[in-house]
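Enquirer: Chain by chain, the residues run as shown.
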Amino acid sequence: MMRMRRPSAAFWLVLPAMLLMGVFFVLPIVASLLLSFTDFDLYALARWDHLRLIGFENYRHLFTDPLFFRALTNTFYFVALGAPLSILASLFFALLINQRMVCGQGFFRTVFFLPVVTTLVAVAVVWRYLYHPRSGLLNYVLSLLGIEPMDWLGDPDWAMPSLIIMAVWKNFGFNMVIFIAGLKSIPRRLYEAAEVDGAGAFDQFRSITLPLLAPTFVFVVIVTLIGYFQLFAEPYVMTQGGPSGRTLSIALLMFEEGFRWWNLGYAAAISFVLFLIILSGTLIQMCVRRLL
Amino acid sequence: MKPLNGGRLLAHVILLMAALFTLFPFFWMVSVSLMTVEDMALFPPPLTPVHPTLKHYQVLFDELAMGRYLLNSTLIAAGVTMSSLFINSMAGYAFAKLHFRGRDGLFRLLLAMMVIPSQAAMLPLFLMIKQLGLINTYAGIIIPGMSSVFGIFLIRQYLKSVPDSLLDAARIDGAGEFRIYRSLILPLSKPVLVSLAVFTFMGSWNDFMWPLIILTQEDRYTLPVALANLMGEHVQDPQLMMAGAVLTILPVVLLFLLLQRYYLEGLVAGGVKD
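Top to bottom, those sequences are chains A and B. Reading the first sequence from the start, the letters are residues 86 to 377 in the numbering used here. Reading the second sequence from the start, the letters are residues 2 to 275 in the numbering used here.
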């Protein structure tokens, strides 16, 4: 009855948000695809009529560019090692904190969550000094254990693992809070019933906790993958992509090509490949969820 | 559950060690920021300053325009937060409580957009901001951040639980939708607005890549951009950099500790969804 009047109000209420998102997000995404088919560079930035359509030339260049290959490998390395490690750490501490016998649950939750809210750039600065080969505290602690000092960020083989350790430390609290909420939503009577049936702790975990936590798990995996594929500030602040390109990420390469060398067409192609990677990762996860 | 004493002890030992490991970088950051050059040269490296000094903080403010960066960060984060509260709550209300054609389809589309990395939009967005003449301005950062899918989603989830009868009663009294939004919905959604405000403020405060692209002159730098820039020149001065890190982190940590209930509730509301 009253619906006649509502649509126009709804329209005006939704309009500002949709307009902003359309103009400052959807439009640039579409434009990014178009941009990737041009040779937009410093000259085009000065005069737009220097712009030429070059078809798939940027993409062809991309797949023969050793730097892009490097960035691709590095980013996948970071995701493949960092995401499982941080999700496992989150799950482990969520399960531990959620035990009824643990006192100070709120305290531990707050402490573990603290790195999540802190500024990544500031944290990266702190860890860069922690990792310092001479004055860094990490090497000092290791020397007490009789381990030789290492050049964490300067060693090509250790630079990326160093970034991963920091990323796990910074991020595990986020997923932990999500996991705890997921655990709390599992009805307690299921465990009580299982206990009556004589199921042990491990059986309960396998046949109650894991299946009921599956939706939370898929959500956590998707969010973590999306975040980790966008690796940027850590290498920018801590290693500048070095040593010898071993921490150069896709986003960092895009930034350098686009905003240092002003090859915007080429950078757009890089960003579009990143988009496709994240999209396919998410779609795979969603299919997995459907199968579960 | 029947806790064995040994298991219980072990759980607490693991948690305490993990807590120490988590907090240690923060402790060390504060500690080093208060050390003198002589303290830093000692071996073994002291955990706490031997001769505590605030000199590095003074240098940051007096010689390196730290106050300016603090102001920039605060103004930008406040600007993004206020506009995002307003715009997202309006849209969230419409998506939760009003019927309009294509509502559910549009909402699903918005949710799907959440998987698109913002980096994929940055190059054309930069060209747009440049065309608008907003390079090196607060507006160049605030405007693209004014509305977010997450914000709309958060408000919508919260308002779903408001009974329709309440709104219908107001409508029968002759209140229009804007009036209902202003005098009924806004007061009702205070807790979720606080959640969204904390989220948005922190997100904006901590944001790095976009301000790095848009802010080209030092007097407009936000704290993270300034810190990354200082790192280039003052990498040999750990105490100074640590003091900068403390100042950058402190506001968000305080905000989180004060409002963590809202923050975590918002996070869970946005996370455990279906």
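In case anyone wonders, no lab produced these hints; they're calculated from the structure. One should not assume that every hint holds.
[Stated by the list, open to error] Just some of the chain A residues that point at chain B, by a computed CB distance under 8 Å:
1) 98
2) 181
3) 204
4) 287
5) 346
[Claimed, not checked] Label pairs and their calculated CB-CB ranges:
6) B:164 x A:188: 52 to 62 Å
7) B:56 x A:364: 42 to 52 Å
8) A:361 x B:56: 15 to 25 Å
The structure displayed is predicted, hence computed values, not measured ones. We treat Cβ as the ideally placed atom computed from N, Cα and C, and that holds for glycine.
Enquirer: Where does the structure disagree with the numbered hints, that is, which hint numbers, in rising order?
Expert: Hints 4, 5, 6 and 8 not satisfied by this model.
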